[in-house]
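Participant: Please work from the sequences and hints to get the whole structure.
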Amino acid sequence: MKGAKIAVVFVYILFLMLPIYWLLNMSFKTTNEILGGFSWYPQEFTLDSYKTIFTDPTWYGGYINSLSYVLMNTVISVSLALPAAYAFSRYRFLGDKHLFFWLLSNRMAPPAVFVLPFVELYSALKLFDTPLAVALAHCLFNVPLAVWILEGFMSGVPREVDETAYIDGYSFPRFFIKIFMPLIAAGIGVTAFFCFMFSWVEMLLAKNLTSVAAKPIVAVMTRTASTAGYELGLLAAAGALTLIPGVIVIWFVRKHIAKGFALGRV
Amino acid sequence: MTTKTVNQKAWFLVLPVLLIVALNAIIPLMTVVNYSVQDTFSPGVFFFEGTKWYKEVLSSPRFHGALGRQFLFTAIILAIEIPLGVLVALAMPRKGPWVSVCLVLMALPLLIPWNVVGAMWNIFALPDIGLLGYGLNWLGFDYNYTQQPVSAWMTVVLMDVWHWTSLVVLLAYAGLSSIPDAYYQAAKIDGASAFAVFRYIQLPKMKRVLIIALLLRFMDSFMVYTEPFVLTGGGPGNSTTFLSIDLVKAAIGEFNLGIAAAMSILYFLMTLLVCWVFYTAMMRGEDS
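Keeping their order, the protein sequence lines are chains A and B. Each residue of the first sequence is one higher than the one before, starting from 17 at the first, in this note's numbering. Each residue of the second sequence is one higher than the one before, starting from 20 at the first, in this note's numbering.
By construction, these hints were calculated from the structure, which means they are not laboratory data. All of these numbers come straight from a predicted model, not from anything done at the bench. Don't be surprised by glycine CBs; every beta carbon is placed ideally from N, CA and C. Accuracy of the hints is not assured; some may be wrong.
[Unchecked claim] Just so you have them, the derived chain B footprint on chain A, three or more residues with Cβ under 8 Å:
#, stretch
1, 22-33
2, 129-136
3, 219-225
[Claimed, not checked] Far from chain A by the CB rule (all over 12 Å, computed), these chain B residues:
#, residue
4, 97
5, 166
6, 168
7, 202
Facilitator: Structure, rendered in structure tokens:
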């Protein structure tokens with residue numbers, strides 16, 4: 017029984033790691049070796065692909081662009097969602113349930129539906145091809161998500177905390193920042209993690225809302241895949257580098273991740 | 020849970036969220052609605068067409084094909100990912116140093132940009148130098164995902180299982196870890212079988228998170244675009260062209276605005292309907 021359980025987890029993790037190993041394997045091979053045929057590990061280990069990425073501005077610029085709109089989006093989403101989630105968790109008001117469902121329905125809207133109108137909207141706002149456009153567009157699904165997760169965490173804080181603070185003469189903003197936010201710090205962390213994650217992995221909107229100046233790494237990669245021949249090693253190295261931000265943020269929230277998924281109802 | 024107080028001023032707290040989501044949701048949606056009832060011959064000149072595009076989309080074999088493939092894909096991945104996710108969650112250690120390691124490793128695929136997932140599987144499944152493609156051919160299977168629809172389907176499904184099963188695992192695991200140890204001890208004293216423990220303790224505790232998992236996997240698989248697009252480009256032929264891929268093709272590739280807009284509206288209504296059904300079921304479950 018115990019052995020079977022370990023085997024299930026082991027086989028599953030092995031299945032998850034194999035494609036990642038293959039990506040890393042390819043990224044350390046020379047183009048000649050890749051085209052030469054099948055091999056389990058690089059015969060002539062090389063860092064050339066990585067060198068190209070770190071010396072070519074279109075490549076490393078892509079990472080900087082991506083990270084800048086992801087960070088902007090995370091900050092915007094969390095800071096707007098905080099007061100809204102508080103309202104949903106503490107008060108009843110006209111149309112609250114409908115509003116909540118409407119917000120949520122945007123998390124379910126297929127981005128493909130919005131691509132074309134988004135391009136027109138952000139061109140009209142003169143934001144096309146800036147990281148801010150992508151950051152704002154990703155708010156479509158990240159803000160509702162942030163409200164949903166934060167509401168879950170806030171409802172776990174007893175209302176007596178609020179009432180005591182008000183009796184002690186705290187104003188709402190002071191109470192919110194000094195007392196309430198530290199209480200749900202873990203929740204804010206988990207929310208930021210999910211906003212970061214969904215903005216980081218999205219490609220369709222990020223690619224179509226930018227052209228040259230703010231080109232994200234995901235768009236740089238598709239260009240390489242289609243035009244610059246078949247430089248698999250370079251593509252693999254670029255892909256391998258996109259794993260790093262994910263690994264870093266996941267390491268920070270590893271203690272909360274299972275709880276966040278449950279409470280946050282992501 | 021104490022009851023909430025009525026306070027209409029709470030609207031001020033919600034206002035910023037309302038504004039930014041409205042900017043992103045209502046304006047584009049109205050643009051799409053506009054396009055879906057109009058035709059154009061030159062930029063800026065539009066005239067009303069009524070339901071022409073809707074009729075055309077609803078009667079086109081191309082839309083039926085994409086819709087059929089979409090439902091088939093969603094059904095297959097749900098049938099694999101939900102049971103597999105529950106199985107892995109049940110097999111996970113409940114405490115100890117390995118829990119964190121397992122969770123971090125399992126969450127890794129969720130944090131990879133979707134086009135990288137597609138590119139990674141592209142490399143992994145290449146018949147000549149990819150581990151999966153080479154391995155399958157070495158075992159004697161005739162496998163080439165760029166030419167055979169069956170291979171392409173298998174690869175797309177396997178990729179989705181690889182990418183998203185961990186989400187189900189994490190959710191199910193979160194549900195399981197909320198069960199107090201006392202429940203298991205009581206079951207042990209009563210001599211309950213492993214199946215009885217699952218049926219009467221673990222499954223009811225996981226019910227809520229499993230509904231969420233089902234909802235999320237349904238929605239996300241229904242709008243899947245990037246991964247299959249990067250992997251197969253919708254091919255070979257049209258065999259892996261799902262709804263989103265078809266839609267983007269019509270809107271950006273062919274610039275067929277009326278058709279694309281009408282498709283978008285139908286597509287959006289479908290997801291909205293399913294979302295509403297799930298949401299109502301979930302809220303009812305929470306109230307009782």
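Participant: Against chain A, does residue 168 of chain B keep a CB gap of more than 12 Å to every residue?
Facilitator: holds, 22 Å
Participant: So residue 202 of chain B supposedly isn't at the interface. Is its beta-carbon more than 12 Å from every beta-carbon in chain A?
Facilitator: holds, 17 Å
Participant: Is the listed coverage of the stretch 129-136 of chain A by chain B valid when you require three or more residues with a beta carbon under 8 Å from a beta carbon of that chain?
Facilitator: Holds, because 7 residues of the stretch 129-136 of chain A bring their Cβ atoms closer than 8 Å to Cβ atoms of chain B.
Participant: Would you check chain B against the stretch 22-33 of chain A, counting CB to CB pairs closer than 8 Å, and say if three or more residues qualify?
Facilitator: Held - the stretch 22-33 of chain A has 8 residues with a Cβ nearer than 8 Å to chain B, which meets the minimum of three.
Participant: With a Cβ-Cβ cutoff of 8 Å, does the stretch 219-225 of chain A contain at least three residues near chain B?
Facilitator: holds (count 3)
Participant: Does the no-contact call for residue 166 of chain B survive, Cβ to all of chain A over 12 Å?
Facilitator: Non-interface label stands for residue 166 of chain B: nearest chain A Cβ at 17 Å, farther than 12 Å.
Participant: Take a quick look at residue 97 of chain B and tell me if its Cβ sits farther than 12 Å from every Cβ on chain A, holds or violated.
Facilitator: Given that every Cβ of chain A is farther than 12 Å from that of residue 97 of chain B, nearest at about 16 Å, it holds.
The structure shown violates none of the earlier numbered hints.
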